Structure formats: structure tokens, C-alpha cells
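Student: Residue numbers (this note's numbering): 371 to 638.
There may be inaccurate statements among the hints.
[What the hints assert, rightly or not] Under the rule of at most 30 Å between Cα atoms (straight-line distance), these lysine-lysine pairs were calculated in the DSSO-like manner:
no., residue 1, residue 2
1, Lys-409, Lys-561
2, Lys-382, Lys-466
3, Lys-561, Lys-587
4, Lys-567, Lys-516
5, Lys-467, Lys-386
6, Lys-466, Lys-476
7, Lys-567, Lys-587
8, Lys-409, Lys-382
9, Lys-382, Lys-467
10, Lys-392, Lys-509
11, Lys-567, Lys-625
12, Lys-417, Lys-387
13, Lys-559, Lys-467
14, Lys-625, Lys-454
15, Lys-597, Lys-625
16, Lys-386, Lys-509
17, Lys-466, Lys-417
[As the list claims (entries may be wrong)] Taking CB as the label site, the calculated pair distances span:
no., residue 1, residue 2, range
18, Asn-447, Lys-417, 17 to 25 Å
19, Asn-623, Asn-422, 29 to 37 Å
20, Tyr-488, Phe-389, 41 to 49 Å
21, Ser-444, Phe-389, 29 to 37 Å
22, Ile-601, Ala-513, 30 to 38 Å
23, Ser-444, Ile-603, 28 to 36 Å
24, Pro-612, Leu-390, 22 to 30 Å
25, Leu-393, Lys-561, 16 to 24 Å
No wet-lab data here; the hints were simulated from the structure. This one's a predicted model, so the numbers in the text were calculated from it and none came from an experiment. Note that the Cβ used here is the ideal one computed from N, Cα and C, for glycine as well.
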Amino acid sequence: MQYDPIKRSLGKVFNKKPFLRKLFYHLLDLLLLRTWHIKKEIRIWAKSRSINVNILDAGSGFGQYSYFLTRFNSKYNITGTDIKEEQIEDCTNFFKKIGKQQVSFKVADLTTYVETEYYDMILSVDVMEHILEDVLVFKNFHASLKTGGMVLISTPSDQGGSDAHDEEDESFIEEHVRNGYNISEIQDKLKSAGFSKTEAYYAYGKPGSLSWRLSMKYPIQLLGISKLFFIIIPFYYLITFPFCLILNYLDVNNKQNSGTGLIVKAWK
Numbered sequence: 371m372q373y374d375p376i377k378r379s380l381g382k383v384f385n386k387k388p389f390l391r392k393l394f395y396h397l398l399d400l401l402l403l404r405t406w407h408i409k410k411e412i413r414i415w416a417k418s419r420s421i422n423v424n425i426l427d428a429g430s431g432f433g434q435y436s437y438f439l440t441r442f443n444s445k446y447n448i449t450g451t452d453i454k455e456e457q458i459e460d461c462t463n464f465f466k467k468i469g470k471q472q473v474s475f476k477v478a479d480l481t482t483y484v485e486t487e488y489y490d491m492i493l494s495v496d497v498m499e500h501i502l503e504d505v506l507v508f509k510n511f512h513a514s515l516k517t518g519g520m521v522l523i524s525t526p527s528d529q530g531g532s533d534a535h536d537e538e539d540e541s542f543i544e545e546h547v548r549n550g551y552n553i554s555e556i557q558d559k560l561k562s563a564g565f566s567k568t569e570a571y572y573a574y575g576k577p578g579s580l581s582w583r584l585s586m587k588y589p590i591q592l593l594g595i596s597k598l599f600f601i602i603i604p605f606y607y608l609i610t611f612p613f614c615l616i617l618n619y620l621d622v623n624n625k626q627n628s629g630t631g632l633i634v635k636a637w638k
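Using the sequences and the hints given, assemble the complete structure.
Tutor: So this is what it looks like as C-alpha cells:
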């Protein structure tokens, strides 16, 4: 399944007015389980941090995490990067319209992008599965962080991530270069890149995996067949949305012994 064409279609719908893009962000916040986990970790990180910090949203995509960070603390200085010019242009225009001066966006390739010892935190959500030269990116993250800085990563695991259940399975998202990471493998790679401490845990356990199928996989498959399903999708979510919220809550608030996703933290 090619995800980029669907993202472009969604962008065209929700870019028309700032309130539509905000609505889109709120829907993503509720539906995407990884957002629940990422927000939880950001709140924990923020407790021990000063107000004036620099944050890199590496692979910012639609910009929903940059938007959350601006609302979480208006003093944060945020840089969003993405390799797609269209995404950067859309985000730049939106944040300018809503007057968020502390956010800037730029086109950048994470395999070459370095801002030496500048960032207090780097956020990388569903990015590393798209990049073959992952250790190189981790080295760039390490070089760009201040001492004591943290990188926060969300990525598929090798326990069925990308909806691939063995090495022979193809990823549900065709743009992925790997199906997922082993929980030890990604920590070893981060340490080889220079990070002194790492932590990782599973997300998308049994409740989260079911939520993902209901809230993401099946709707995306329908939209991949025909854009006419945009008409049906709102009614579909009216039925499935309450169940997805409960499943997401269970996933975030209970330890998962295995899962199709990983939340990884590493410190310089």
C-alpha cells in the first residue's frame, strides 16, 4: 500500500482553512496510538527541563507534533524538517497563519542534517523505518544534541510492525525500507552512534494492534481503492471511534510484553 498519495489527498482536504488543519491534528491525536505514547513521554521529559529549549521535529510530516509542542509550552523553539518540499511548504504556511513564530520548517535530509550541540530534544516519529542509513542518522542526532539531550523515537518493531509477521512479509506501507526493529538492535545502534544511555519499550500490544487495524489499516485500504470512500469514512469512525479510544487507553496505561511498535529514548 502506497501511503504518500493518501497523505497528499488528506493534505488537500485539510489545508483549505486553518481550522480544518487544527481539526485534522486533533483527529490524529485521538486516533494515532503512537501520539498517545509520544505525548506521555514529552510530558515526562518536560518536568526536568527549563522553559527555553530547542527541539527538532525530525521528519515533521503534517506538523502535528510541532503544533502540540507549541501548545504545550509557548517558549519552546521548534524546528521541523522533512525531505518533502510540499509538506514543509504546507506547514510553513499554516504556522504563519496562526501566528506561531517560535516554529520554523526547512527541507532537510536527515542523513546529512547536523546542527552541532544545538537541540535539547529530538523527536523522530515514524521516520527511521523510511531511512536505510539509520546509524548515520543516529550519529547526526547525537552530534546535534546538547550534552544531556534526548532523542525520542517511535518506530515499528520486528514483532509484526508494518503489518509484517515474518521476514518474508512485505510492509503494509510500501515506502518502508525495513519492517521494524528488534528492541535490542535499535538500542545497540544508538549506542554505536555515541549515545550513553537508552531505554525502550513495546507499544501497540494486543489492544493497540487492534486499534490500529480499526482506526488506520482498514480506512487506508478503503481510501487506497477509491477516494469515494472519503464519504463513508466519517460514518465508519462514528462506529469504531469509541472502541479505539478504549483500546488506546489500555495500551498506553498497561505494560505490553510484546507489540508491533517501539518507543525508544536515548541520551547524550
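Student: Now tell me if each hint is right for this structure.
Tutor: Going through the hints against the structure:
1. Lys-409 with Lys-561: At roughly 24 Å apart (the allowed maximum being 30 Å), Lys-561 and Lys-409 satisfy the hint.
2. Lys-382 with Lys-466: holds, 18 Å
3. Lys-561 with Lys-587: Distance of about 33 Å is beyond 30 Å: violated.
4. Lys-567 with Lys-516: holds, 14 Å
5. Lys-467 with Lys-386: holds, 12 Å
6. Lys-466 with Lys-476: Cα-Cα ~14 Å, so holds.
7. Lys-567 with Lys-587: Roughly 34 Å between the alpha carbons, so the hint for Lys-567 and Lys-587 is violated.
8. Lys-409 with Lys-382: holds, 26 Å
9. Lys-382 with Lys-467: holds, 17 Å
10. Lys-392 with Lys-509: violated, 34 Å
11. Lys-567 with Lys-625: Given pair Lys-567, Lys-625 holds - Cα atoms ~21 Å apart, limit 30 Å.
12. Lys-417 with Lys-387: It is violated: about 34 Å lies between the C-alpha atoms, which goes past 30 Å.
13. Lys-559 with Lys-467: violated, 40 Å
14. Lys-625 with Lys-454: Roughly 35 Å between the alpha carbons, so the hint for Lys-625 and Lys-454 is violated.
15. Lys-597 with Lys-625: violated, 38 Å
16. Lys-386 with Lys-509: violated, 38 Å
17. Lys-466 with Lys-417: holds, 29 Å
18. Asn-447 with Lys-417: 17 to 25 Å: holds, 19 Å
19. Asn-623 with Asn-422: 29 to 37 Å: Distance hint for Asn-623, Asn-422 holds at roughly 32 Å.
20. Tyr-488 with Phe-389: 41 to 49 Å: violated, 33 Å
21. Ser-444 with Phe-389: 29 to 37 Å: Given range 29 to 37 Å: violated, Cβ gap about 20 Å.
22. Ile-601 with Ala-513: 30 to 38 Å: violated, 48 Å
23. Ser-444 with Ile-603: 28 to 36 Å: holds, 34 Å
24. Pro-612 with Leu-390: 22 to 30 Å: Once the Cβ atoms are compared, 23 Å apart, the range 22 to 30 Å for Leu-390 and Pro-612 holds.
25. Leu-393 with Lys-561: 16 to 24 Å: The hint (16 to 24 Å, Cβ to Cβ) is violated, given that Leu-393 and Lys-561 are roughly 41 Å apart.
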